[in-house]
Every structure is written in structure tokens, then in C-alpha cells.
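**Q** What follows is the residue order along each chain.
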Amino acid sequence: MTEALRSPLQIVPDPLPPEPVVRLRDVSRAFGATVVLDSLNLSIAPGEFVALLGRSGSGKTTLLRTLAALDPPQAQDIRLPGSRATVFQDARLLPWKRVWQNVALGLRGRDARPRALAALEEVGLAHRVDAWPLTLSGGEAQRAAIARALVREPELLLLDEPFAALDALTRMKMHALVLALWQRHRPALLLVTHDVEEAMALADRVLVLDRGRIVAEERLLAPRGSRGAIVRDLRATLLRHLGIDVGGAAYADLLERHA
Amino acid sequence: MPLPTHARSTLRRDPLQSRWLSPLLLLLVWEGLCRLGVIPAHTLAAPSSVGSTLAQMIGSGDLPINLAVSLRRAILGLIIGATVGVALALAAGLARRGDAWIDPLVQVKRTIPVVALTPLFIIWFGIGETTKIALIAFAAMLPVYINLHAGIRGVDVRLMDAARSFGLGRAALIREVVLPGALPALLTGLRYALSISVLMLVFAEQINASAGLGYLINNARDAMRTDIIVVCLLVYALLGLTGDALVRAIETRTLAWCPALVEA
Ligand SMILES: Nc1ncnc2c1ncn2[C@@H]1O[C@H](COP(=O)(O)OP(=O)(O)O)[C@@H](O)[C@H]1O
Ligand SMILES: [Mg+2]
Numbered sequence: 001m002t003e004a005l006r007s008p009l010q011i012v013p014d015p016l017p018p019e020p021v022v023r024l025r026d027v028s029r030a031f032g033a034t035v036v037l038d039s040l041n042l043s044i045a046p047g048e049f050v051a052l053l054g055r056s057g058s059g060k061t062t063l064l065r066t067l068a069a070l071d072p073p074q075a076q077d078i079r080l081p082g083s084r085a086t087v088f089q090d091a092r093l094l095p096w097k098r099v100w101q102n103v104a105l106g107l108r109g110r111d112a113r114p115r116a117l118a119a120l121e122e123v124g125l126a127h128r129v130d131a132w133p134l135t136l137s138g139g140e141a142q143r144a145a146i147a148r149a150l151v152r153e154p155e156l157l158l159l160d161e162p163f164a165a166l167d168a169l170t171r172m173k174m175h176a177l178v179l180a181l182w183q184r185h186r187p188a189l190l191l192v193t194h195d196v197e198e199a200m201a202l203a204d205r206v207l208v209l210d211r212g213r214i215v216a217e218e219r220l221l222a223p224r225g226s227r228g229a230i231v232r233d234l235r236a237t238l239l240r241h242l243g244i245d246v247g248g249a250a251y252a253d254l255l256e257r258h259a
Numbered sequence: 001m002p003l004p005t006h007a008r009s010t011l012r013r014d015p016l017q018s019r020w021l022s023p024l025l026l027l028l029v030w031e032g033l034c035r036l037g038v039i040p041a042h043t044l045a046a047p048s049s050v051g052s053t054l055a056q057m058i059g060s061g062d063l064p065i066n067l068a069v070s071l072r073r074a075i076l077g078l079i080i081g082a083t084v085g086v087a088l089a090l091a092a093g094l095a096r097r098g099d100a101w102i103d104p105l106v107q108v109k110r111t112i113p114v115v116a117l118t119p120l121f122i123i124w125f126g127i128g129e130t131t132k133i134a135l136i137a138f139a140a141m142l143p144v145y146i147n148l149h150a151g152i153r154g155v156d157v158r159l160m161d162a163a164r165s166f167g168l169g170r171a172a173l174i175r176e177v178v179l180p181g182a183l184p185a186l187l188t189g190l191r192y193a194l195s196i197s198v199l200m201l202v203f204a205e206q207i208n209a210s211a212g213l214g215y216l217i218n219n220a221r222d223a224m225r226t227d228i229i230v231v232c233l234l235v236y237a238l239l240g241l242t243g244d245a246l247v248r249a250i251e252t253r254t255l256a257w258c259p260a261l262v263e264a
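Residue numbers (the UniProt record's numbering), protein chains in the order written: chain A, 1 to 259; chain B, 1 to 264.
Worth flagging that the hints you see were computed from the coordinates, not collected in a lab.
Do not rely on the hints blindly, as some may be mistaken.
What the hints assert, rightly or not - Across the chosen pairs, the derived CB separations fall in these ranges: (1) Thr135(A) with Ala95(B): 54 to 60 Å; (2) Pro73(A) with Trp101(B): 27 to 33 Å; (3) Arg113(A) with Gln56(B): 55 to 61 Å; (4) Ala95(B) with His127(A): 41 to 47 Å; (5) Glu197(A) with Leu94(B): 53 to 59 Å.
Stated by the list, open to error - Stretch-level coverage of chain B by chain A, calculated; a stretch enters the list once three of its residues show a Cβ under 8 Å from a Cβ in chain A: (6) 89-98; (7) 224-233.
Here a beta-carbon is modelled for each residue, glycine too, at the ideal position from N, C-alpha and C.
Just chain B, with the same shape it has in the complex:
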């Protein structure tokens, strides 16, 4: 009887099954093609030159400084968006009137792609930092709101009943049952918000930037420096991965009771 793949690989380590193999191979082929001149540097820089450019950009401070600017935009936008999303979801999830007032507005907002608001935002806020942060915040708000709202609404009524039968008042019910019950949904929302804010960061930095990763990319484009562009793409990817790891860490800390984690 054949064993399932993961079981087999622990029995007898097959080097051809390593998950690193194909990316490594791709890098080698890419490097080889660049060295042979099949891919010219202005089309795509070789991995080795990307590596040295990365080291050089870190050394010169170019990368750290511009990364800090981009990070500030993403983090501020995310914090503002998540805060507004949480506040609205609490108001709508915990009070019927709040729901009647807030939910329709959010549903309307949902139908408008945030990117389409860019011209208005530029008219209102100019082309500086405010527009970028506002775009990120606006986009990040939605997944937080939608997930938390659904999480609050989806809290098990049987648990609510039980808690009520032990004399918990409204405030205690919210504190002991509703919020902990909705926490997994909130974290899911945060995870989406994180990846959306990186996405919006990339977009917002294309508008017009005098600093930041987008600024680096724009300059590199004008100079046909594909090595710098690839470095910036790597950093964007790293931002997304770091954010995801962060939320995962929060999840393992706060959701220790969850069945999937409990069994692990």
C-alpha cells in the first residue's frame, strides 16, 4: 500500500522531493540565461546582480530610509483602517440601531473599489502622504469590519444563553462571550487587511512619491535599472510575509483554546 506523500518523505528523505528544488532551479536557469546574454540586463537583472544591488542599497542607506517611509504609510494606514473597522463593527454588531445605521453605508462603500476613489482623494488631500495613508486605511477598514461584524453576529446563541443563565449582564456577556467568540474572525480580518494594505501601498506609491519604495521603483524604471526594481519587489513580498507571520503569532498566543491549535 503506498504511503501518503508526507509520511513517505519522513521515512526516506528523497532529495528530489525537496520543496526548495524548483525555486533553486529557476534561479539557476535565470542566472545562466543572464550570463549567456539571452536575457539582457535592461529586461531582467541576474539574481547575482540583484543580490549585490541589495547589499549596496542597504549599505548606502537608500533602502532602509525609503523602506521606513513606506512602512510608516502602511502601518499608519493599517492602524487607522483597522481601528475604524473595529469601531464600526462593534457599533453595528452589538446594537441593532448601530447595525441599521452603519451596515448599509459600509455595504455601499463596498461596491466602490477604493482605487476608484483616488482622484477624489487627490483633490481633497493633495498628492502627499495623506492621500496614500487614506487610501490604505480605507481599503484596510473593510475586511476588518466585515469579518468582525460576522464574527459578532455568529457568536453561538447557545453559549449566550448559558452565560445569561448564570446571571451575566449585558456588559459581562459582551466581555466574556461575544468578544472572545469573535476574536478568531477579527484576526482573519486583520490578516486580509494586512495584505490589502501592502497592495494599496504599492498602488498609492505609484501616484507620486518623493520617497519610499515606490519612489525607488519609479526612478529605477526611468533608469532601466531592473536590479533595483527586483530588490523593491522582494521587499514588498517580505512586508507581506512579515505581516502574515505577525498575525499568526498573535493567533497562536490568543487562540490557544482553538481546537486546531489545542491538538497540536
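Bound-form chain A, shown alone:
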């Protein structure tokens, strides 16, 4: 009673943070004796751009498959939005369907084709809509895969190292594309990557996964385009969590030190 009298202002609640679209609580996953996800906790807010860093084999894909509900469900505390879409590292277009049919895969209704064409237009692939997937370049195939995910207007967009196999220039163009699409459609987005620069350039928040646990979490408050000042320190921090001690050295000088 006395407390309420002493500070009545505290009763006014803060504006509620938005309900997360993704929430994992103590989620574990093991293949036989190997524990791949180890009581992992993760929330993603609506419209948030999260990058997930991790060494090869750290469990990134397993986490992403969990978020895509691709593995048989287990008794775990997982909340996922109804509409999700995934872009895989290898574009995984069905080779026997033309590009637009791949984008329209699983869409219902008569407007499937116009919707697919609009999505392809948006990713800059309007001139290849009738092509066979095996004739696409790596970058074009990933554009088609992004269109296929986008056309579903997902609340949660999952990208599993989608740019790892692309050359540097194509990768830059794809980064710009993904950023533009995310800003226009605002899905919650989880980008799995092992590229620290990519994570820092694109995400609102960077997570580091190691042996099935999230071992680091960094928020990037500076807006994209003016992050130059913070990335140097952040890069060193993230790389340290990935097991590489840079200590401010340039990559060119690093190999000698780790030899």
C-alpha cells in the first residue's frame, strides 16, 4: 500500500515491446549423441533483420530448419508465424519447371502467374521468366529463389547462406537487393551467414552461434550507410567469438599470425 502511495507514476506501463514473431525457449536438437542445438533461446521482433553468424558445423542450418519447421516437430517451446519462406544456399529451383512456375510453386488461385511475374520483376529477373532454371547463372538462380520466397509475403524470411557461392560483385548487388526488398516488405528476416562483413552491413542485430548456443549478441544501432565508424571494433569482437583473434590486424597480416 505504502509503495503505491510513494511512486504512483511507476504504475503507468512502458509501451509494450511488440510481440516477437519468433520465440524459441530452451530448444535443443541432437542427432544421435551429437547435440547440435543446446537449449537455445531466440526471439525475433516483427520486421527485424537478424544475422546469424557461426562457423561451419555450428548448427546454423539446423536452427534454420527448425525455424522453417522442416524437421519433424518435437515437444519444444517454439513459436513461429504462420507464413514463412526460405531461401537456401543452393537455389533449389525445380529444374523441370520454368522460372516463373518455380516462383508460383504452391500458390493457389488464378493470379499465381501475375504474382510470380511481379515478384520476378521486383528482383530484376523479368527477362528470364520463361527460362529453364539450369540455364540461369548463380546470381540469377538466387534472384529467382528470393522471388519465390517473396511472392508469399512471408512474416518470416529465412536465408541460409544465400550468397556464399556468388562472386564478390554479384554478392554486393544481392546484398543491396535483399536490403531493398526487406525495407519494402518488412518481413522479420534471419540471414544465416559466415561472412562477418555481410552481417554487419545488413543486420539490425548480429548473433553468433557456437556449438549450438548463442554465444554473442550485438545490436547495430547506427543506421546502414553510417556504420563505418563502428565496424572495426565490432568486426574484431565478432571474429573473436568465431575463434579468430584479429587484434586490429588487417587480414593480409593475419595468416602469418595463425600459421
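Since the structure of chain A is provided, determine the placement of chain B with the ligands on it from the hints.
**A** Chain B with the ligands in isolation, oriented as in the chain A frame:
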């Protein structure tokens, strides 16, 4: 630096490199030897007499009528065999229980040469058309089953995953991913089935036939007419080639997306 042979031949057409040359030469030598009497007609008829016999057999209707009988056997046997093979492969490839039930039986069947079943078939079906068609069907079923089954099992799980992640149900997955993915394997199986059914046709027609190419051959043998025998052999070869061309045509139509064809 020497060019690869195919590149060189387009630069400067060398008549001695023509692929027609050696078969042509063989025909000439064969004809010459027959004319000189080195090869008597009852051993092997000359190409020219084979040609005239062919024209005459077409004209008299002997060849068309008996060819129709043989074709009917081969086509019916192939259709029945391929249909059963496809049905079994689908049942075994798409359902675990189907696999557990069907695959062992097919593997058992695989160990028995179809030709060895002839006596049983004759006891069951007599020496008429049924036995011949059954033998062809039984032999044609196996390559269709084995290839399609492997094709269904070999469909890329990563594509299945992707399609599932876009909300495709089981029926849609089978329709959009499994069957198109297994189609190349099915066509390979069909191609084998075709050549096997021609093979089985030849064999089955030796049993006892009152019509068909085998009947013509048997009569020719008794009359020592090697020209007729060679004509029939040519027709058998033509059957195989036509079937192969047919499957190839289906392949180019339905597998337009395949890398080899896409690049062409
Ligand atoms: N289906 C599976 N069966 C057995 N082990 C698996 C399976 N999937 C992944 N793993 C193992 O789990 C670990 C993490 O894999 P993954 O999530 O693919 O890592 P990342 O994507 O970070 O490279 C690896 O050691 C891998 O061998
Ligand atoms: Mg991975």
C-alpha cells in the same frame, strides 16, 4: 597441333573418313563373293537378291501381314509389361509398405531368367498368342520397374525439402517433384524394355508360330531361303531402331529442361 577428329572432318571432308564406307564395302564384298559363287545362296543370299525378295514380299503382302502380327505381340507385351512395371514401381517407390511388399518379390523374379519360364507359360497359356505376349510383358516389366523405382528413390531430398517449405502437401510433392524428377529414369527403363521386348519377340516366335516374322523365318529355314531370313532379320533390326527413335523423341519433348538438351 592436331585437331580432334570431328573438328578436322568439318574443315576438309575426307571421303575415306565417311562412316558409310565400311558397311558399303562389306556389302560390295558380300555381293561379289555371292556372284563369284564363293558363297552359295543356301549359305547366305546376295544383298541384291535380299533386296528383290524384300520388294516381292512387300508386294505380295506377306511381309506387311506377318509384321503386323509380330508388332501386335511386341506392342501388347510392352504396354502390359510397362504398365505393370510403372504401377509396381509407384507403389514401391512412394510407400514404405509398398516397398516392403513388392521389392522382395521383384528381386526374386529378377533372379529367374524369363526365358526359363517358357515351359510353365506354355502349360498355363498354351502355345498361342497369350504365352508370347506374356513372355514379352514379363521381360519388359523389369527394366521399367527397376529404373523408375531407383528414379523415385533418387529424387533430390533437397528439392523435396524446398518444395515442402513452400507448403506443398504429399500429393503435390509427388506430382510436382517426385514424378518429374523420376521421368528421365522411367524413359531409360522404357528404352531397355523396348529392346528387351524385341529380343523376347524373336525368342517367343521361335516357339511355335502360325503367323509373324518368326513364322516366316521358320518356313524359310525349312526351305533354305536365306534371302527371306535376312529380310526378317533386317525387319527385326528396324523394329529396335524405330522403338529407340520413338523413346528419343519422347525424351526431347519431355526433358527439354535437362542440361544436355538445354545446351544443345
Ligand atoms: N540430418 C543430420 N544427421 C546427422 N547429423 C547432422 C544432420 N544435420 C546436421 N548434422 C550435424 O549437425 C552439425 C551442425 O550442422 P549444421 O546445422 O548443418 O551446421 P552449419 O549450417 O552451421 O554448418 C554438424 O556437425 C552436422 O554434421
Ligand atoms: Mg549450413
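**Q** Looking at the structure, which of the earlier hints fail to hold?
**A** Checked against the structure, the hints that fail are numbers 1, 5, 6 and 7, while the rest are satisfied.
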